[in-house]
Amino acid sequence: MTGTMTDAMTAAAVETTLHPLPVVVVLVSLLAGLAIAVLGEQRQRLRTVLNLSAAVVKLALVLWIALLVAGGVVPEFRFALVPGFDLVLRADSLSVLFASLSAALWLVTTVYAIAYLQHYANRARFFGYFSICVTATMGIAMAGNLLTFFVFYELLTLATWPLVVHTGSRAALRAGRTYLQFTLGGSALFLIGLIWLYALAGPQDFIAGGSLQLLDLEAVTSMQAIFVLIAIGMGVKAALVPLHAWLPSAMVAPAPVSALLHAVAVVKAGAFGLVRLVEDVYGSALSGALGLSLALAIAASFTIVYGSVLALLQTDLKKRLAYSTVSQVSYIALGIAIGGPLATVGGMVHLVHQGVMKITMFFCAGIFATLLGVTRIVELDGLARRLPWSAAAFSVAALGMIGLPPMAGFVSKWYLGSGAVAMGQTWVVAVLVASTLLNAGYFLPLIARMWFRPAPERWTGGAQPSRWVVAGLVAPALATAGLTIAFGVLAGSTYSPLDWAIAIVREYLP
Amino acid sequence: MTIGVLVDLMLALALVGLSLRVVTGRALFRDIVLFILFGLVIALSWSRLGAPDLALAEAAIGAGLTGALMLMAYRRLVAGGAEDVAPRRRPPLLAVPVAVLTGALVALIGLAALGVERVPDAAGTIVLEELGASGLGNAVTAVLLVFRGLDTMLEMAVLLVALLGAWAVLGEVHPGRLHQVDRRTPLVGALLTTVAPVTLLIAVHLLLAGTDAPGGAFQAGAVLTGCGVLLVLTGTVRPRAAAGLATKLLVIAGLAAFVMIGASAVALGRAPMSLPGTWAVYLIETAMMLSIAVTMTLLFARARALEPERA
Amino acid sequence: MTTEALALLVFAPLVAGLVVIAAPRRAAAPVAVAALLTLPFGLWPLTLVVWRGETVQVALAGFAPPLGIVWRVDALALTMLWLTLVVVLVVSLHALTSFPPASESGQRFWPLWLILIASVHALFVSADLFNLYVTLELVTLAGVAMIAIGGKPAAMRAAMRYLLLGLMASLFYLLATALLYGQTGTLDLYQVGERLDDGALALIALALMVTGLLVKAAIVPLHVWLPAAHGKAPGPVSAVLSALVVKVALYILIRLWFWSGGAAGGDGAALLLGLLGALAIVHGSLAAITQTRLKMLVAYSTVAQLGYVMLLFPLASTAAFRAVTFHMVAHGVAKAAMFLAAANLLHALGSDRLQRLVGADQRHGVNVLAFALAGVSIMGLPPSGGFVAKWMLLEAAWRQQGWGWVAVISLGSLLAAVYVFRVVALAFAQPKGGSVRASVGARGGGRFDTTALAALLLAVLAILLGFASAPLVALIDRGLPPGMLP
Amino acid sequence: MSSAFVYVLAASAVFGVGVYGLIVADHLMRKLLSLNVMGSAVFVLILTVGGATPAGPDPVAQALILTGIVIAVAATAFALALIVRMFQETGLTSLRGRDDDD
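Sequence order for the protein chains is B, S, E and L. Counting in the working numbering, the final residue of the first sequence is number 509, and the numbers go up one at a time with none missing. Counting in the working numbering, the final residue of the second sequence is number 312, and the numbers go up one at a time with none missing. Counting in the working numbering, the final residue of the third sequence is number 1611, and the numbers go up one at a time with none missing. Counting in the working numbering, the final residue of the fourth sequence is number 122, and the numbers go up one at a time with none missing.
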């Protein structure tokens, strides 16, 4: 399982270097977003060029950073944001994991979105905020302390809201309102937790293994309370039950937005935040000692089962996918909460794996809706005959979600399960089994309907877009489906997400 | 108890009584007249307190000008159909608590004011010691123009802003003729031919005297305003809706003189607002007097400019 | 050098105002612009000196207090002067279009505008209680006159109410000044502070003065004049009233309290002021939420935001002073942007009823964006100047275990989010009969003229302030009240 | 009992009367009269608490009052213009009722 890179990373002494790259990688999409917004609605071709080139440049920059980090360099940039507390942008190995996921999926989502929104109004605004959204995600990935994280976390809220309400319909505005109620409420608690932590321990950079120490016993309650406050702030975006209610209603947004929300940006930002909180602020040892890991594990487990059950009850395709996200994202939190090398690897690698799988499914759901007018599960019958490639991509992702080898999802679940056993938390295995059964219960019928049911005589609706548009929609789905397989099959090779996750965990748990 | 204190007591009682009537009465016209009376009683109080400068100013500005402005506004309201006598209404619910609170306020202010103990080195004492440095004989004028010239300059700005504000509020409204008085009637003719030159003389005297004796630009300006009001009321000058250059220059003269002299001191390497000599005091005071008179007359006529009536 | 600089700040706009009154119309624009462009040259030398930790003092006419008046520029005054400069320059850019200097409306607007700028400068640098009274009257009267410029009945009524309450407040202030002069024999703010004991007289005088200033600063429940006055005024006037003119009274209040022995009022009085602030935050925000007109909503937001400043009095720490000063700057910039954007939308849509905003984003996107960006700062969300201010204020409150203040500050942010997003959501909403699909020839973004540019410029500044807090905080730290340590 | 004592008490009372009128009175002109009454009271107080020098009342206090009187009359003139114009536009001489227009 271990590749050469892992060894190189642990061998080289990690050194922090002042470097503009973390800022540049954040600014690329911000500038692109502003340029797109300023250019206006009519400059369609220029906008497309800007969108794509920014995405490509960003991916290249992230790869550059990945190479630096693999070489043992930690590029960092900092300046005082508020008195006594710096804005720190630093690319450590965990940053790279999330940043490369975001950059890669942003590229494919951009392609998809350009095709999908061919006839939508206000595309300049859409792509402007779309880019700012990725800016925020990148900032979250590069954040070197909780304050910086918070800044970009809020920027993400602000940038995604216009995307959620993009169509301006009543339903969209209602969903937007729900979204804000949850996220801003959560961020108020987050901020209080942050202030409290700052008052208690001063400005703390993210450090592998955590920077906090239990100074005295009186601080125990405070530290637990701070953890809970911040975890609620993260949990809202990570859709931890009962903070998840905004996610299904946000499904009114255009498909690329859903894809982004569920796979790269919002939900993942929350999960990533939980990882940072447990691993880099408290440290998994302290989290465990304070009983916080167990609490998080229970919350995550409950979310996993509850989300799956609700997914099973949905008749609308996107709703079912949404509840599936609620369930699946909590795998990440669960892995971190269990602790120990194996489960931590499982949680971290799922950050990437869930992303590629879920984005595939949302791409496909968007294709079904656009080309055939299919939004409900009963309408999927025989769909594979009309759209075999999309159906195949969807099926691959769904099987991966269930955890079927050799897809990516299997790798995650394997590490989580064996990690739980290794830590003596066997009850987690029961959760995983239950979840897998439920996953199968709500995904397999879809696959069955698509491939084995007869097609209706005519499809209810949908547009007849040009071949280029269809290609622009299907190619991203195929690409991410391909990644789903590749990340599973090639999990053992160098530079695979799993390899990278193992390298990270070596840093944390030497 | 001396006679003086008895007079003081009577004046004080008059003040309180008049103010009560002015504030709570129902007949507006009568109460404006009572307010003018109130102003005159204040002027008397000033002279009782040994402040003739203030007595002059109060009589001319506080009572005279303010009263004239009030009466003019009242006339416009009534001409527009407003009621003079307010309908008898039940006093509003908050009257009682407000009365109680203001009662408490009065007690507090009285308590504080009576508790004041003058320090020996108060600014006023130092002014008298340093009067020589100002080159003026009247300490009040010295404070106004030399020691605290900034206040006076900004006060001219207040006056200008009030006029600009009134112009802004008036919009394009043409002021129209104020009053039909036939100035060929003997009485009015006499008034114009004698009173106008006399007020002018008084004004100039007050201005010149002000550097050493009671008087100064404010009082002179107020007296001159009286002359202007008279000209407007008799229809000798007619309000106009557009200001000409001359009017504008007169209106800004006071502030402009102050600004020019105050700022040029900086250019000459001295502290801002330093006056180069007694001539500057005369210059500023003359400009101020003209500005005050023209501005107040224009405010009285609700006009932007005045022009002689053509037969 | 500093004397000339200081004189320039007061005299340049004053002279320009006089020239605009008397000169031909076509000269108005160049004269006004020239005067405005000299202001940075006045501010810069002062900044250099204050940055070194010194205080600029200029005795007017060469007479030191108690005989004369001094202009005194410390870091607090300089901070407010910088706020004034930024707001005034950008709002003037707006006014050049919304009140063309050569037009009839411009001829009314520009002299008042220039005199207002001069008087705000004169006020911030004044260290004399009576001179502050005169400048305060000047600022108020100019403000009232500019509210009434539009000539609409509602604006007139608002101006009237503002004028009456403003004059009353000034008389309270003046009465207190008289008492203080009688007792101390000086009008100099700092000498008064040195000479005053904390007897009953001082308490009564301070109470009167604070009452007057609270009216001028529109602190709940003495705020009744503000919403209509700011809400019905022309755009640039609303902007500068909310950004600067109400702050002026708070500035004097802070000066009085921390530099001139006002704290003699004791903890009880400080707590009372803080509670009024908390009330302002809650009441102003709730009222903003229930408004049906955009500009009234923004005006009530000002009522709420002013409340945060009052929290300085009970907290009374270095951290709180930093936070509140920063807040005044951040709010000033953001609120000016918000009012300009709101006025532009009102101008474009013909009304500022909130219902009219539906779909506004499609045709007036720049103004909606400016409103939203400014809203980010008003809500105190990162990254923005408002966030830095709220962060510092929360931290200050937290360190003193002021849990109630923490709760109020957080609540205020959440309520602000409700009213800001309510507006933006309406602008994003789909008009009836419209469709999600693009209509042929629809232009995004909207017309981009200087009025929109001014709003956007201030809004972007409000955001950037969140990244450039360090120099501003460093400046504020150079002028902490006596007894506070950096 | 000195003159100053008498005038201090009177001025305090007159100030209170003015505040009462400003709040309770309905007609705008009466509110304005109340303000002027308040103002006069403040001016008397300035002089009386300003104390006396051998050469009469404190000259600084007198100068402040003179400045104050001019400011008061300027503000009054402007307020009257506003009242008259408001009356012409709305037919109202008070601030009762709602502020709303389009």
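Honestly, the hints are just simulated from the structure, not real lab data. Possibly wrong hints are sitting among the right ones.
On the chain L side, residues computed to face chain S include the following (Cβ under 10 Å) [unchecked claim]: (1) Leu42; (2) Ala45; (3) Leu65; (4) Pro74; (5) Ile85; (6) Leu115.
Remember, it's a predicted structure, so these values are computed and weren't measured experimentally. Ideal placement from N, C-alpha and C gives every residue a C-beta, glycine not left out.
- [ ] Starting from the hint list further up, note which numbers the structure goes against and sort them upward.
- [x] Those not satisfied come down to hint 6.
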